[in-house]
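Enquirer: Residues 0 to 236 in numbering that gives the first Met the number 0 are what the sequence shown lists, from first letter to last.
Rather than coming from a laboratory, the hints here were simulated on the basis of the structure. One thing to keep in mind: the hints can contain errors.
[Unchecked claim] Derived DSBU-like pairs (lysine-lysine); straight-line CA-CA distance at most 35 angstroms:
(1) K214 with K226
(2) K120 with K161
(3) K80 with K226
(4) K146 with K208
(5) K146 with K226
(6) K214 with K25
(7) K226 with K119
(8) K214 with K119
(9) K80 with K64
(10) K120 with K64
(11) K214 with K146
(12) K15 with K80
(13) K190 with K168
(14) K64 with K214
(15) K190 with K119
(16) K226 with K101
(17) K146 with K15
(18) K226 with K15
(19) K101 with K146
(20) K190 with K15
(21) K168 with K226
(22) K146 with K64
(23) K190 with K214
(24) K101 with K120
(25) K190 with K80
(26) K161 with K208
(27) K161 with K80
(28) K190 with K120
(29) K15 with K101
(30) K25 with K208
(31) K80 with K101
(32) K64 with K208
(33) K214 with K15
(34) K101 with K25
(35) K168 with K120
(36) K25 with K64
(37) K80 with K208
(38) K25 with K190
(39) K15 with K25
(40) K168 with K208
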Amino acid sequence: MSSFMFESDQILSRMKNIRSREIAGKAVSHGRLQGTEVLLVNTGIGKVNAAHAATCIMENFRVSKIINLGIGGAYPGSGLKVGDVAIASKEISGDEGVFDVKGWGGLRRLGFPLVEAEGKKYFNEFPLMLPARVSYSGRKNRNYITKSGNFVTVAAATGTQKGAREREKRFNAVCENMEGAAVAQVCLMYKVPMMEIRGISNRVGVRDKRTWNVKRASEHCQEIVLKVIGPPFLLRV
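Turn these sequences into a full structure, and let the hints guide you.
Expert: The following block contains the structure:
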(Lines of atoms letter the chains of each structure in order from A and count residues from 1; the text may use other names and numbers.)
(Lines give C-alpha, C1' and ligand atoms only; values in the text may rest on other atoms or scores of the structure.)
Protein backbone atom coordinates (compact mmCIF):
# COMPACT_ATOMS: atom_id res chain seq x y z
CA MET A 1 0.00 0.00 0.00
CA SER A 2 1.17 3.54 -0.73
CA SER A 3 -0.32 6.98 -0.27
CA PHE A 4 0.18 8.23 -3.84
CA MET A 5 0.55 6.71 -7.30
CA PHE A 6 4.10 8.02 -7.80
CA GLU A 7 5.21 6.00 -4.77
CA SER A 8 4.26 2.72 -6.45
CA ASP A 9 4.44 3.42 -10.21
CA GLN A 10 7.48 1.18 -10.80
CA ILE A 11 5.75 -1.72 -9.09
CA LEU A 12 2.57 -1.21 -11.11
CA SER A 13 4.57 -1.11 -14.35
CA ARG A 14 5.99 -4.58 -13.58
CA MET A 15 2.69 -6.22 -12.69
CA LYS A 16 1.17 -8.70 -15.15
CA ASN A 17 -2.45 -9.65 -15.90
CA ILE A 18 -3.81 -6.64 -14.04
CA ARG A 19 -7.51 -6.50 -13.09
CA SER A 20 -8.73 -3.23 -11.66
CA ARG A 21 -11.71 -2.43 -9.46
CA GLU A 22 -12.83 0.28 -7.06
CA ILE A 23 -13.76 -0.32 -3.44
CA ALA A 24 -15.24 2.57 -1.43
CA GLY A 25 -13.51 5.07 -3.70
CA LYS A 26 -10.13 3.30 -3.55
CA ALA A 27 -8.64 2.01 -6.81
CA VAL A 28 -7.31 -1.55 -6.43
CA SER A 29 -4.99 -3.22 -8.96
CA HIS A 30 -4.88 -7.03 -8.74
CA GLY A 31 -2.23 -8.93 -10.68
CA ARG A 32 1.00 -10.89 -10.59
CA LEU A 33 4.46 -9.56 -9.78
CA GLN A 34 7.57 -11.71 -10.08
CA GLY A 35 5.38 -14.81 -9.88
CA THR A 36 3.49 -13.56 -6.83
CA GLU A 37 -0.17 -12.58 -6.68
CA VAL A 38 -0.43 -9.03 -5.35
CA LEU A 39 -2.85 -6.21 -4.75
CA LEU A 40 -1.72 -2.61 -5.16
CA VAL A 41 -3.61 0.20 -3.43
CA ASN A 42 -2.98 3.94 -3.15
CA THR A 43 -4.59 5.16 0.04
CA GLY A 44 -4.29 8.93 0.02
CA ILE A 45 -2.54 10.91 2.73
CA GLY A 46 -3.03 10.55 6.46
CA LYS A 47 -4.05 8.03 9.09
CA VAL A 48 -7.78 7.92 8.35
CA ASN A 49 -7.30 7.32 4.62
CA ALA A 50 -4.69 4.65 5.31
CA ALA A 51 -6.79 2.83 7.91
CA HIS A 52 -9.85 3.02 5.67
CA ALA A 53 -7.99 1.51 2.72
CA ALA A 54 -6.47 -1.26 4.81
CA THR A 55 -9.87 -2.15 6.25
CA CYS A 56 -11.57 -2.16 2.84
CA ILE A 57 -8.93 -4.46 1.41
CA MET A 58 -8.98 -6.94 4.27
CA GLU A 59 -12.77 -7.07 4.22
CA ASN A 60 -12.80 -7.87 0.50
CA PHE A 61 -9.66 -9.97 -0.09
CA ARG A 62 -7.71 -12.67 1.66
CA VAL A 63 -4.14 -11.47 2.13
CA SER A 64 -1.29 -13.06 4.05
CA LYS A 65 0.98 -10.01 4.39
CA ILE A 66 0.97 -6.28 3.78
CA ILE A 67 3.83 -4.02 2.72
CA ASN A 68 3.29 -0.35 3.47
CA LEU A 69 5.63 1.65 1.24
CA GLY A 70 6.30 5.24 0.30
CA ILE A 71 8.41 8.20 1.31
CA GLY A 72 9.24 9.62 4.73
CA GLY A 73 11.44 12.03 6.60
CA ALA A 74 14.63 11.03 8.44
CA TYR A 75 15.27 12.33 11.95
CA PRO A 76 18.53 14.30 12.41
CA GLY A 77 20.44 11.61 14.31
CA SER A 78 19.32 8.66 12.19
CA GLY A 79 22.37 8.65 9.92
CA LEU A 80 20.02 8.53 6.92
CA LYS A 81 20.36 10.91 4.01
CA VAL A 82 17.97 11.80 1.20
CA GLY A 83 17.63 8.78 -1.09
CA ASP A 84 18.39 6.18 1.60
CA VAL A 85 15.77 3.60 2.57
CA ALA A 86 14.39 3.00 6.07
CA ILE A 87 12.71 -0.23 7.16
CA ALA A 88 10.49 -0.15 10.24
CA SER A 89 11.16 -2.47 13.15
CA LYS A 90 8.28 -0.84 15.05
CA GLU A 91 5.52 1.68 14.27
CA ILE A 92 4.60 4.25 16.91
CA SER A 93 1.49 6.43 17.07
CA GLY A 94 3.14 9.73 17.91
CA ASP A 95 0.04 11.85 18.55
CA GLU A 96 -2.28 9.75 20.69
CA GLY A 97 -1.83 10.40 24.40
CA VAL A 98 -1.90 13.36 26.76
CA PHE A 99 -0.04 16.59 27.49
CA ASP A 100 0.09 17.42 31.20
CA VAL A 101 2.51 18.95 33.70
CA LYS A 102 4.93 16.10 32.99
CA GLY A 103 4.87 16.87 29.27
CA TRP A 104 3.72 14.47 26.59
CA GLY A 105 2.65 11.00 27.67
CA GLY A 106 1.36 8.11 25.61
CA LEU A 107 -1.87 6.21 26.03
CA ARG A 108 -0.36 4.05 28.75
CA ARG A 109 -0.48 7.11 31.01
CA LEU A 110 -4.22 7.34 30.35
CA GLY A 111 -4.68 3.60 30.74
CA PHE A 112 -6.49 3.14 27.41
CA PRO A 113 -4.88 0.88 24.79
CA LEU A 114 -5.51 1.35 21.06
CA VAL A 115 -5.89 -2.40 20.61
CA GLU A 116 -6.23 -5.46 22.83
CA ALA A 117 -5.30 -8.66 21.02
CA GLU A 118 -4.60 -12.17 22.29
CA GLY A 119 -4.40 -11.03 25.87
CA LYS A 120 -1.96 -8.17 25.17
CA LYS A 121 -2.56 -4.43 25.30
CA TYR A 122 -1.07 -2.21 22.59
CA PHE A 123 -0.92 1.44 23.54
CA ASN A 124 1.17 3.44 21.06
CA GLU A 125 3.56 0.84 19.66
CA PHE A 126 3.09 -1.89 17.06
CA PRO A 127 5.87 -4.43 16.26
CA LEU A 128 6.41 -5.13 12.56
CA MET A 129 8.04 -7.74 10.35
CA LEU A 130 11.53 -7.20 9.00
CA PRO A 131 12.16 -8.59 5.50
CA ALA A 132 14.35 -11.67 5.29
CA ARG A 133 15.39 -11.16 1.66
CA VAL A 134 17.46 -8.02 2.02
CA SER A 135 20.20 -6.96 4.40
CA TYR A 136 18.80 -3.82 6.00
CA SER A 137 21.42 -2.77 8.56
CA GLY A 138 23.49 -0.08 6.88
CA ARG A 139 23.84 -2.07 3.67
CA LYS A 140 24.91 -0.14 0.60
CA ASN A 141 22.69 -0.57 -2.44
CA ARG A 142 24.36 1.31 -5.27
CA ASN A 143 24.50 4.88 -3.97
CA TYR A 144 22.25 4.53 -0.94
CA ILE A 145 21.94 2.54 2.29
CA THR A 146 19.11 0.66 3.97
CA LYS A 147 18.64 0.88 7.72
CA SER A 148 16.03 -0.40 10.18
CA GLY A 149 14.61 1.42 13.20
CA ASN A 150 11.51 2.81 14.85
CA PHE A 151 9.03 4.80 12.73
CA VAL A 152 6.74 7.50 14.13
CA THR A 153 3.37 8.31 12.57
CA VAL A 154 2.04 11.85 13.09
CA ALA A 155 -0.94 13.88 11.91
CA ALA A 156 1.13 17.04 11.44
CA ALA A 157 4.65 16.73 10.02
CA THR A 158 7.40 18.11 12.25
CA GLY A 159 8.58 21.48 10.93
CA THR A 160 11.25 22.65 13.38
CA GLN A 161 14.67 21.37 14.43
CA LYS A 162 13.59 21.46 18.09
CA GLY A 163 10.51 19.39 17.36
CA ALA A 164 12.52 16.91 15.31
CA ARG A 165 15.04 16.39 18.10
CA GLU A 166 12.27 16.01 20.68
CA ARG A 167 10.38 13.35 18.72
CA GLU A 168 13.55 11.53 17.74
CA LYS A 169 14.62 11.29 21.38
CA ARG A 170 11.14 10.53 22.75
CA PHE A 171 10.57 7.59 20.44
CA ASN A 172 14.17 6.58 19.60
CA ALA A 173 13.07 6.85 15.99
CA VAL A 174 14.73 7.09 12.58
CA CYS A 175 11.80 8.00 10.33
CA GLU A 176 8.60 10.08 10.41
CA ASN A 177 5.49 9.47 8.31
CA MET A 178 1.75 10.10 8.29
CA GLU A 179 0.16 6.66 7.71
CA GLY A 180 2.14 3.67 8.96
CA ALA A 181 0.89 3.25 12.54
CA ALA A 182 -2.73 3.40 11.35
CA VAL A 183 -2.10 0.54 8.91
CA ALA A 184 -0.21 -1.39 11.58
CA GLN A 185 -3.13 -1.02 13.99
CA VAL A 186 -5.63 -2.35 11.45
CA CYS A 187 -3.28 -5.22 10.54
CA LEU A 188 -3.06 -6.19 14.20
CA MET A 189 -6.85 -6.23 14.45
CA TYR A 190 -7.09 -8.53 11.43
CA LYS A 191 -4.04 -10.61 12.46
CA VAL A 192 -2.24 -9.85 9.19
CA PRO A 193 1.57 -9.39 9.37
CA MET A 194 2.91 -6.09 8.05
CA MET A 195 6.23 -4.60 7.05
CA GLU A 196 6.94 -0.97 6.19
CA ILE A 197 9.59 0.38 3.81
CA ARG A 198 10.13 4.08 3.08
CA GLY A 199 12.52 6.05 0.92
CA ILE A 200 13.93 9.13 2.61
CA SER A 201 12.75 12.22 0.74
CA ASN A 202 13.88 14.81 3.30
CA ARG A 203 15.34 15.44 6.73
CA VAL A 204 12.82 16.12 9.49
CA GLY A 205 13.08 19.67 10.81
CA VAL A 206 12.92 23.01 9.03
CA ARG A 207 10.95 22.36 5.84
CA ASP A 208 13.03 23.43 2.85
CA LYS A 209 11.70 21.65 -0.23
CA ARG A 210 14.75 22.69 -2.24
CA THR A 211 16.65 19.94 -0.35
CA TRP A 212 14.02 17.26 -0.95
CA ASN A 213 14.15 14.51 -3.58
CA VAL A 214 10.83 12.70 -3.70
CA LYS A 215 11.60 10.95 -6.99
CA ARG A 216 14.88 9.41 -5.80
CA ALA A 217 13.34 8.37 -2.47
CA SER A 218 10.41 6.68 -4.18
CA GLU A 219 12.57 4.88 -6.74
CA HIS A 220 14.95 3.48 -4.13
CA CYS A 221 12.09 2.42 -1.88
CA GLN A 222 10.47 0.47 -4.70
CA GLU A 223 13.79 -1.17 -5.59
CA ILE A 224 13.95 -2.60 -2.07
CA VAL A 225 10.28 -3.65 -2.11
CA LEU A 226 10.88 -5.58 -5.33
CA LYS A 227 13.67 -7.47 -3.57
CA VAL A 228 11.42 -8.68 -0.75
CA ILE A 229 8.17 -9.58 -2.53
CA GLY A 230 6.98 -13.04 -1.53
CA PRO A 231 3.62 -14.76 -2.00
CA PRO A 232 1.17 -13.25 -1.56
CA PHE A 233 1.72 -9.62 -0.51
CA LEU A 234 -0.58 -6.64 -0.45
CA LEU A 235 1.37 -3.55 -1.41
CA ARG A 236 0.93 -0.08 -0.06
CA VAL A 237 -2.28 0.40 1.90
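Enquirer: With a cut-off of 35 angstroms on the C-alpha distance, tell me whether K168 and K226 pass.
Expert: holds (31 angstroms)
Enquirer: Tell me if the straight-line CA distance from K15 to K25 falls inside 35 angstroms.
Expert: Satisfied, since the Cα-Cα distance of roughly 20 angstroms is no more than 35 angstroms.
Enquirer: Take a quick look at whether K80 and K226 sit within 35 angstroms of each other, Cα to Cα.
Expert: holds (21 angstroms)
Enquirer: Within a Cα-Cα threshold of 35 angstroms, do K15 and K101 meet the stated pairing?
Expert: Roughly 54 angstroms between the alpha carbons, so the hint for K15 and K101 is violated.
Enquirer: Under the criterion that the straight-line Cα-Cα distance not exceed 35 angstroms, is the pair K226, K119 satisfied?
Expert: holds (33 angstroms)
Enquirer: Could you grab the alpha-carbon distance between K80 and K208 and see if it respects the 35 angstroms cut-off?
Expert: holds (14 angstroms)
Enquirer: Under the criterion that the straight-line Cα-Cα distance not exceed 35 angstroms, is the pair K214, K15 satisfied?
Expert: Satisfied, since the Cα-Cα distance of roughly 24 angstroms is no more than 35 angstroms.
Enquirer: Given the hinted pair K80 and K101, is their alpha-carbon gap at most 35 angstroms?
Expert: Holds. K80 to K101 sits at ~33 angstroms (cutoff 35 angstroms).
Enquirer: Regarding the pair K226 and K15, is the alpha-carbon distance no greater than 35 angstroms?
Expert: holds (17 angstroms)
Enquirer: K214 and K25 were given as a pair; does the straight-line alpha-carbon distance stay at or below 35 angstroms?
Expert: Satisfied, since the Cα-Cα distance of roughly 23 angstroms is no more than 35 angstroms.
Enquirer: Between the alpha carbons of K146 and K15, is the straight-line distance 35 angstroms or under?
Expert: Status holds; Cα separation ~30 angstroms.
Enquirer: Mind checking the alpha carbons of K25 and K64 for me, to see if they're no more than 35 angstroms apart?
Expert: Holds, at about 19 angstroms.
Hint violations for this structure: numbers 8, 16, 29, 34, all remaining hints satisfied.
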